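Put chains B and C on the given structure of chain A with help from the hints.
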Amino acid sequence: MIRASADSFTGDAMPRASAAGKLRVENLGVAFQREGATLPVLDDVNLSVRDGEFVCLLGPSGCGKSTLLNAMAGFLQPTSGQVLVDGEVVRGPDPRRIFVFQERGVFPWLTVAGNIGFGLGKLSREERAKRVQHYVQMVGLQGFEKSYPHELSGGMKQRVEVARALAVNPDVLFLDEPFGALDSITRMVMRSELLRIWEAERKTILFVTHDIDEAVQLADRVVVISARPGRIQQIVDVDLQHPRDISSPRYLKLRDGILSQIGLAHRI
Amino acid sequence: MNTLRSLEWLRPVLFLLALLVAWQLAVFLHPHQLMPGPWKTAHGIADLFPHGLIARYVVASVFRVTWGFFLAVLVAIPLGLVIGWCQRFELAVNPILQILRPISPLAWIPIAILWFGVGDMAAIFLIFIGCFLPLLLAVIDAVRAVPAVYINAGRNFGLKPVALMRRVLYPAIVPRLMTGLRITLGIAWLVVVAAEMIAVNSGLGFLIVDARNAGNRYDLVVAGMVIIGVVGLLLDYGVRSLERTSSLRWGFEEKR
Amino acid sequence: MTPASRIHPVERWLWPILATAVFLLLWHYAVLWSGTRIFPSPREVELGLSQLTHRGVLYRDIVDSLRRVAIGYLAAVGAGIPLGLLLGWYPAAEQTVNPAIQLLRPISPIAWIPVAILFFGVGDDAAIFLVFLGAFFPIVITCVDAVSNVPLIYRRAGSNFGLTAPQVLARVVFPAALPQILVGLRIALGIGWLVVVAGEMIAVNSGLGYLIIDSRNSGKRYDLVVGAMLLIGIIGLALDAVFRRLESIKPVRWGFRHES
Numbered sequence: 001m002i003r004a005s006a007d008s009f010t011g012d013a014m015p016r017a018s019a020a021g022k023l024r025v026e027n028l029g030v031a032f033q034r035e036g037a038t039l040p041v042l043d044d045v046n047l048s049v050r051d052g053e054f055v056c057l058l059g060p061s062g063c064g065k066s067t068l069l070n071a072m073a074g075f076l077q078p079t080s081g082q083v084l085v086d087g088e089v090v091r092g093p094d095p096r097r098i099f100v101f102q103e104r105g106v107f108p109w110l111t112v113a114g115n116i117g118f119g120l121g122k123l124s125r126e127e128r129a130k131r132v133q134h135y136v137q138m139v140g141l142q143g144f145e146k147s148y149p150h151e152l153s154g155g156m157k158q159r160v161e162v163a164r165a166l167a168v169n170p171d172v173l174f175l176d177e178p179f180g181a182l183d184s185i186t187r188m189v190m191r192s193e194l195l196r197i198w199e200a201e202r203k204t205i206l207f208v209t210h211d212i213d214e215a216v217q218l219a220d221r222v223v224v225i226s227a228r229p230g231r232i233q234q235i236v237d238v239d240l241q242h243p244r245d246i247s248s249p250r251y252l253k254l255r256d257g258i259l260s261q262i263g264l265a266h267r268i
Numbered sequence: 001m002n003t004l005r006s007l008e009w010l011r012p013v014l015f016l017l018a019l020l021v022a023w024q025l026a027v028f029l030h031p032h033q034l035m036p037g038p039w040k041t042a043h044g045i046a047d048l049f050p051h052g053l054i055a056r057y058v059v060a061s062v063f064r065v066t067w068g069f070f071l072a073v074l075v076a077i078p079l080g081l082v083i084g085w086c087q088r089f090e091l092a093v094n095p096i097l098q099i100l101r102p103i104s105p106l107a108w109i110p111i112a113i114l115w116f117g118v119g120d121m122a123a124i125f126l127i128f129i130g131c132f133l134p135l136l137l138a139v140i141d142a143v144r145a146v147p148a149v150y151i152n153a154g155r156n157f158g159l160k161p162v163a164l165m166r167r168v169l170y171p172a173i174v175p176r177l178m179t180g181l182r183i184t185l186g187i188a189w190l191v192v193v194a195a196e197m198i199a200v201n202s203g204l205g206f207l208i209v210d211a212r213n214a215g216n217r218y219d220l221v222v223a224g225m226v227i228i229g230v231v232g233l234l235l236d237y238g239v240r241s242l243e244r245t246s247s248l249r250w251g252f253e254e255k256r
Numbered sequence: 001m002t003p004a005s006r007i008h009p010v011e012r013w014l015w016p017i018l019a020t021a022v023f024l025l026l027w028h029y030a031v032l033w034s035g036t037r038i039f040p041s042p043r044e045v046e047l048g049l050s051q052l053t054h055r056g057v058l059y060r061d062i063v064d065s066l067r068r069v070a071i072g073y074l075a076a077v078g079a080g081i082p083l084g085l086l087l088g089w090y091p092a093a094e095q096t097v098n099p100a101i102q103l104l105r106p107i108s109p110i111a112w113i114p115v116a117i118l119f120f121g122v123g124d125d126a127a128i129f130l131v132f133l134g135a136f137f138p139i140v141i142t143c144v145d146a147v148s149n150v151p152l153i154y155r156r157a158g159s160n161f162g163l164t165a166p167q168v169l170a171r172v173v174f175p176a177a178l179p180q181i182l183v184g185l186r187i188a189l190g191i192g193w194l195v196v197v198a199g200e201m202i203a204v205n206s207g208l209g210y211l212i213i214d215s216r217n218s219g220k221r222y223d224l225v226v227g228a229m230l231l232i233g234i235i236g237l238a239l240d241a242v243f244r245r246l247e248s249i250k251p252v253r254w255g256f257r258h259e260s
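Protein chains in written order, with this note's numbering: chain A, 1 to 268; chain B, 1 to 256; chain C, 1 to 260.
If we strip away everything but chain A, and leave its shape as in the complex, we get (with noise of 0.2 angstroms):
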């Protein structure tokens, strides 16, 4: 396994961020029971994130990077092994680490401004509504406010929840393959558009997905998962200033190692 040092790290992108280590994973093991036998999901994952980063976990479906992010969240509790935040041991989903799940995730009962200000319960009605308008403009549903998610698209309704993510103000974005849904001209908008927000509020961002292109158009590290058991079986540091040229030999040859790292010629 090769694990990237953060000197090594030579792109101009690269956030000029605090001390290593915002997120740290530490021999983290996650095991089901199905129907009495022990399933392991994910064996000794080592990995650490540093603050402001954008790190995309690659794999193919079923490698267990969903698990590996649900239990970087909280949600899951690892058989062996720990998630730390800010040195902190994680126990259980916090504010602020919010998980952005696919637009499934928007509650289907508020308007978009409901759903925006659903964290927002401590502040002032007026402030509530004064950050609110922020990031509906932030994410370009200017007129949409009052709108359910039903009468939304998928990439809007995308948009609403990372939104209602950011408007909480978390120090970590996690997203599980937030774009798998979406048509694949929304998919390249939504892109640019999480760039973008990722560059005017320097997040740190953990992005699940299974598609290598997507991965190496926006990681600053790409941790390649081998599956069953998940395993960290390459971490690929993308040394390209945003915004990005996807026809650059350079581009290619990253893409191209990673493809056959994961075992694919790239002829079909």
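The hints are simulated quantities; they were obtained by calculation from the structure and are not laboratory data.
Since the structure is predicted, the reported quantities are computational estimates derived from the model, not experimental observations.
Taking lysine-lysine pairs in the BS3-like style, the calculated list, with each CA pair at most 27 angstroms apart, reads:
{"no.": "1", "chain 1": "A", "residue 1": "Lys146", "chain 2": "A", "residue 2": "Lys130"}
{"no.": "2", "chain 1": "A", "residue 1": "Lys130", "chain 2": "B", "residue 2": "Lys160"}
{"no.": "3", "chain 1": "A", "residue 1": "Lys122", "chain 2": "A", "residue 2": "Lys146"}
{"no.": "4", "chain 1": "A", "residue 1": "Lys122", "chain 2": "B", "residue 2": "Lys160"}
Showing chains B and C alone in chain A's frame:
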């Protein structure tokens, strides 16, 4: 097109008329039967109106249904949320609920009379019993069917259990709850009629029994049945329109 | 779904037994403390029931109730399913008949009791008729619903393979609608069981419902009232469980994955 549409509207009316004619014919062919025809039934309904009796009986029945139903709703929804949420609690009470459920609410009549005497309270208690269990089970089922994403999202924003129930679980079950409420109100209407036949001295159920026992006035019996049907239909229609507005607003009717 | 969703296998037995024990204890002491002479304690209920069993009365009442439910219910199934399938298949027919069904449906089966007695006299037939009425409308309505919920693509696929209309109904629509129909049938059986008890309280002289009303009227034997209620609950639960078994048979099971 226009004539076709008006024809479509006519068809059910014609069918109802055909049923009435068949009924009248059957009565003509068996003149010695006590069963009244539609014509006599209509007369029976007309007979009931001038005394104001019918209005009083309808009000009495609806009054009992309202109280029993609302008490059941008030208790069943919070309790169902808690039971559905806490798996161990559900495990614990499930056998008792499952045994109580198939007991006809009418089987409680002796106990209702023992505890509350003959009167409104007994009838309200019976309706409460009849509504409470189905509603409770509907709420529990609905809570268990809430997608885990919603609950995880709520917990992620730091909601404590009580807030989670109020802000996530409760709104998430509303569409299913509406269906449950409609079915339960139907049950309440069935139960009140039955309860009034045994446990009280007013209401539409009493009207039927009384009309039969006091002089075999079967025209009034069938008239009472028709009125029961119409009021039940109106209640169902009322809840349905409520259901429609709420599901329209969210647009996520759960259709299998 | 709950935070600590890991439930130990032992807990599946522990909690129900514990709760039932607490319930029985509460009942016992509530009777003791209130000093009531009429309302029975759990022990008295047990004694009353075993007394009836020895006299063989209980067995006869149970069989009577079950027989009435079985006949009335099967008649409702036999008439309700074909009618429901037809109405679901021909929307025009459904439009025509629907208002009449909607008018008849909210009339409590119990309200039919005077009419049932008029037609059939006091006896088995009246109770069977009531069960039939109680089960018939729910069956028809779920069948109509189930058929109209069958996705159009299934029907198209069926006719694409050259099936005639009756064949599509029998080989595509019916199996596709079966899971929902079975749920409706199970609910209708529950209603039948509710109705037979109510009917027996008024319209006949045997069965569990009659046992309840008779025990009360002749000598305030509330131990038998409560005992009969418990029996009704247990038998109803057993009927429901048998039906759920049916739902888990393979060809039907595809529709039930969302449960459990």
